[in-house]
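Put together the whole structure using the sequences plus the hints.
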Amino acid sequence: MATATTSAQSAKPRPHIRWSRGMPMLPTLVILLLFLAGPVLYSVYLAFTNRALRGEGASETSFVGLDNFTQAFDTSAFWNSFTLTIIFTLVSGVIGQTVLGMALALLLRRAPSWVQAITGAVVVGAWIVPEVVAGYLWYTFLSEDGSLNNILDLLHLPSQDWLISAPIIAVSFANIWRGTAFAMLTFSAALAQISPELEESAQIDGAGPIRRFWSITLPLLRRAMMTALMLITLQTLSVFGLIYVMTGGGPSAQSQTLPLYMYEQAFSYGQLGYGTAIALLLLGIGGIAALAYLRVLPKEDKE
Amino acid sequence: MTTDAMTSTATSTVPKRSRASRVERTTTLGSSLLLIGIAAAFSVPLLWVILASLNPQASLSVEWPAEAGLDNYRGVLNTETTYRPIWNSLLLCGGGTIITMICAALAAYPLSRFSSRAKRPFLLTIIFATGLPITALMIPVYALFVRVNLIDSMLGAVLFLSASSLPYAIFLMKGFMDGVPKELEESAWTEGAGTLRALWAIVLPLMRPGTAVVTMLTFAKMWGDFFVPFMLLLSPEKLPASVSLYTFSSQYGQVQYGQLAAFSVLYTLPVVLLYLVLGRRLRDGFVAQGGLKG
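Taken in sequence, the protein lines are chains A and B.
Start counting the first sequence at 3; every next residue gets the next number (our numbering).
Start counting the second sequence at 461; every next residue gets the next number (our numbering).
Hints listed in this document are in silico derivations from the structure and should not be mistaken for laboratory results.
Don't take every hint at face value.
[Stated by the list, open to error] Just so you have them, the derived chain B footprint on chain A, three or more residues with Cβ under 8 angstroms:
1) 103 to 114
2) 120 to 131
3) 187 to 197
4) 242 to 250
5) 255 to 268
None of the values given here were measured: they were computed from a predicted structure.
Virtual Cβ for every residue (Gly too), placed ideally from N, Cα, C.
Take a look at the structure:
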């Protein structure tokens, strides 16, 4: 604290003074290095070992090189999880939450305030419900004696046990329900910053609502879109509790996304090294997605 | 919540000509009906938890309770089922939020006020860490915590929760801090106030709404978190509400859906209250993150 005080008073930017200006960051750096960077680095080490909870890798840990990765790429269960993760992320995150969130944000602009209040409360309500509660809500909603089947019965439509017949779609819908509020709030905030004159002048020039959306609103929203898409993608990639509560990954791994596969390998089978290799691949997918979105951003936006 | 700002934009776009205003009214009606439809669809799962919590004979489907009562709540309001898990959640998330907010405020200050060659790389790292799939870290974190004997330690869980929420909190705090004019502290500096004093006495009070938003988002995220305490805590008496809710069904053999719903409502209530208190300001957080600016 004392060094920080002198640095603020001194006008000469000497190197050691620069350092002391950064002093307030110290607690953050310590925590981030120990608890975030540490595990990331440790996972790089662990993924190349045969560390296990029991059996051979438990008593003595040895390096196995790329064995864990080749094992993953040779296993159909891994590819099953990989495919399910991509489906889940695309259906529930990239398409579902983004499109529904954008539609809600656009519709809300023209709606009377009481409709805004009700819709906002319900959608945001779904967002703040804790993950495990959301899992149970959707478990009851979709199960054989659940609300959805009751509604379908009323309409004389065939009912079925959705958690068994279409598990990945079931968990995707639950995730859309849970995450749409984030997209809606982000897009609403971005829309509110667009000057209404732009749209008005386009309207006077005779542009219809669809034309106006594509040519004016969407380009102006691009930055907010990319930010939201990136956060939604990474968020969806790491969904665990919701699926775990709803289906546990089943039936027969039909909703076992990579986080659930990773958990099963590490804890049901005790293969910590292999599980960590899966975790590292998951981090890699997230990194590639983030880089892809950053690349799509126009250059001046990166500043 | 977002009502005020959106109403103002909506009214200002209404054109003056009457033919156009009739079209406008039809679109307003159409979009309202669509919104009510979406809201209705969204509310069915939420209705179940509220109705089932009041229904002693609750089943899996949404139904009006034949004889509504508070039996389910009476059934779960005891130390074992409710008080201790909620208390543990408060300890975990309260502790985590305090650490996160102190560290985030301290870290955001130099990032917002001073320029340095290390700033840009650090900010980019923070932005990347914001999106780090924490789920993927749980296996290595578990293995690491076994090594350093932090498994089943509340402190360990609190510190990891803080670390995982810090990047986003710093990112938002910096955004809000950038909005406070620098001139205000410069006059304080000339009067001899130190960096921390300027931060505490001048900057933070001016960005109180922003700080409130970050605090709420941090707390709500930790409150709902399942995987972190599920992996790092083992003893039943240390488990927070998120994990105890998951073990709810196995504890009683046969699932009592009414009690499950009642406990879900009790567990959800704190974040709902927090949201109601701060909800209006939530919009600021989304404006601040409107674009990733480095």
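Consistency of the hints with the structure:
1. With 7 residues having a beta carbon nearer than 8 angstroms to a beta carbon of chain B, the region 103 to 114 of chain A meets the requirement of three or more and the stated coverage holds.
2. For the region 120 to 131 of chain A, the assignment as covered by chain B holds, since 11 residues bring a beta-carbon within under 8 angstroms of that chain's beta-carbons and 3 suffice.
3. With 8 residues bearing a CB less than 8 angstroms from a CB of chain B, the region 187 to 197 of chain A meets the requirement of three and the coverage assertion stands.
4. Judged by the Cβ-Cβ criterion of 8 angstroms, the region 242 to 250 of chain A is covered by chain B as claimed, because 4 of its residues qualify and three suffice.
5. Counting residues of the region 255 to 268 of chain A whose beta carbon lies closer than 8 angstroms to any beta carbon of chain B gives 4, which reaches the threshold of three, so the coverage claim holds.
Figure legend: structure checked against the earlier numbered hints; every hint is met.
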